[in-house]
Amino acid sequence: MPLQLYYDNLSPPSRVVRILVKEIGLDVEEKQVNLMAGDHMKPEFLAINPFHCVPTLVDDGYALWESRSIITYLVDKFAPGHSLYPTDLQKRATVNRWLHWDSGTFYASLNAYYVPLFYGKPYQPASLESFKKAATALDDSLKNTKYVAGDELSVADIPITVTLTLATAIGIDTGELKNVEKWLKQVETDLKPSTWKTLVIDPANALRDLLKAISSKSS
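In terms of numbering that gives the first Met the number 0, the sequence shown opens at residue 0 and continues consecutively.
It should be emphasised that the hints constitute simulated quantities derived from the structure, not laboratory data.
By construction, the Cβ of each residue, glycine as well, lies at the ideal position given by its N, Cα and C atoms.
Just to be clear, a hint being listed does not mean it is correct.
As the list claims (entries may be wrong) - Here are the simulated distance ranges between beta carbons: (1) 150 - 78: 38 to 44 Å; (2) 191 - 111: 20 to 26 Å; (3) 28 - 103: 39 to 45 Å; (4) 24 - 91: 17 to 23 Å; (5) 78 - 103: 22 to 28 Å; (6) 24 - 121: 25 to 31 Å; (7) 111 - 87: 42 to 48 Å; (8) 180 - 91: 37 to 43 Å.
What the hints assert, rightly or not - Only pairs whose alpha carbons sit at most 20 Å apart, straight line, appear in this in silico PhoX-like list of lysine-lysine: (9) 145 - 120; (10) 145 - 191; (11) 90 - 132; (12) 90 - 41; (13) 142 - 196; (14) 216 - 196; (15) 132 - 196; (16) 21 - 132; (17) 142 - 76; (18) 191 - 142; (19) 196 - 184; (20) 132 - 120; (21) 30 - 90; (22) 196 - 181; (23) 191 - 21; (24) 184 - 21; (25) 191 - 177; (26) 131 - 177; (27) 191 - 131; (28) 132 - 142; (29) 216 - 120; (30) 120 - 41; (31) 142 - 131; (32) 90 - 131; (33) 211 - 191; (34) 76 - 21.
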């Protein structure tokens with residue numbers, strides 16, 4: 000049975016997994032879950048993932064959700080030893096640290112900034128300040144390394160790239176962060192041009208447009 004990936008194109012975590020899939024050349028059956036239409040709350044999806052979130056991976060009956068867990072699982076199972084997720088204990092711990100930092104701090108603050116719009120609330124300025132502080136910390140760290148977790152592209156660069164490009168798309172200015180800017184250009188070079196366009200830039204812009212439409216209706 001082929002790998003099945005349940006995703007929403009506008010979901011940043013979904014895009015993280017889809018980028019990784021492209022990078023290691025996996026054959027995956029993609030199944031669109033339209034969050035805006037409530038597909039994630041339908042009984043057939045809840046039977047797979049009672050936490051009703053995307054992305055969700057199904058590997059021969061084994062269901063796994065949370066994007067960072069999925070990407071590390073996929074590398075370990077289908078591309079063991081790949082430099083994207085090093086086997087050296089300390090290098091791997093560093094990658095894991097950045098994955099947790101993104102989910103718990105960087106993406107979490109961005110998420111807290113814009114997601115309230117979906118519930119009829121305004122953008123959250125306090126969360127924006129948290130995001131900017133985290134972005135500055137990232138910039139400081141990138142003074143010393145080519146990529147976030149060292150001198151090789153890793154799975155940690157993928158979600159942080161998705162977080163940052165979404166922030167830029169929705170109007171958060173990070174232009175003064177020169178180390179971040181240099182790193183982001185490097186990641187763009189490393190990824191396939193089609194991957195960068197279809198899984199990084201275009202969906203971020205589409206989410207931006209959706210947020211603008213929601214904001215204009217509520218104002």
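Hint-by-hint comparison with the structure:
no.	hint	verdict
1	150 - 78: 38 to 44 Å	violated, 20 Å
2	191 - 111: 20 to 26 Å	violated, 32 Å
3	28 - 103: 39 to 45 Å	violated, 31 Å
4	24 - 91: 17 to 23 Å	holds, 21 Å
5	78 - 103: 22 to 28 Å	holds, 26 Å
6	24 - 121: 25 to 31 Å	violated, 43 Å
7	111 - 87: 42 to 48 Å	violated, 34 Å
8	180 - 91: 37 to 43 Å	violated, 27 Å
9	145 - 120	violated, 39 Å
10	145 - 191	holds, 19 Å
11	90 - 132	violated, 25 Å
12	90 - 41	violated, 40 Å
13	142 - 196	violated, 27 Å
14	216 - 196	violated, 29 Å
15	132 - 196	violated, 28 Å
16	21 - 132	violated, 31 Å
17	142 - 76	violated, 33 Å
18	191 - 142	violated, 25 Å
19	196 - 184	holds, 13 Å
20	132 - 120	violated, 23 Å
21	30 - 90	violated, 33 Å
22	196 - 181	holds, 18 Å
23	191 - 21	holds, 9 Å
24	184 - 21	holds, 19 Å
25	191 - 177	violated, 23 Å
26	131 - 177	holds, 14 Å
27	191 - 131	violated, 28 Å
28	132 - 142	holds, 16 Å
29	216 - 120	holds, 12 Å
30	120 - 41	violated, 26 Å
31	142 - 131	holds, 17 Å
32	90 - 131	violated, 27 Å
33	211 - 191	violated, 29 Å
34	76 - 21	holds, 15 Å
When held up to the earlier numbered hints, the structure conflicts with 1, 2, 3, 6, 7, 8, 9, 11, 12, 13, 14, 15, 16, 17, 18, 20, 21, 25, 27, 30, 32, 33 and fits the remainder.
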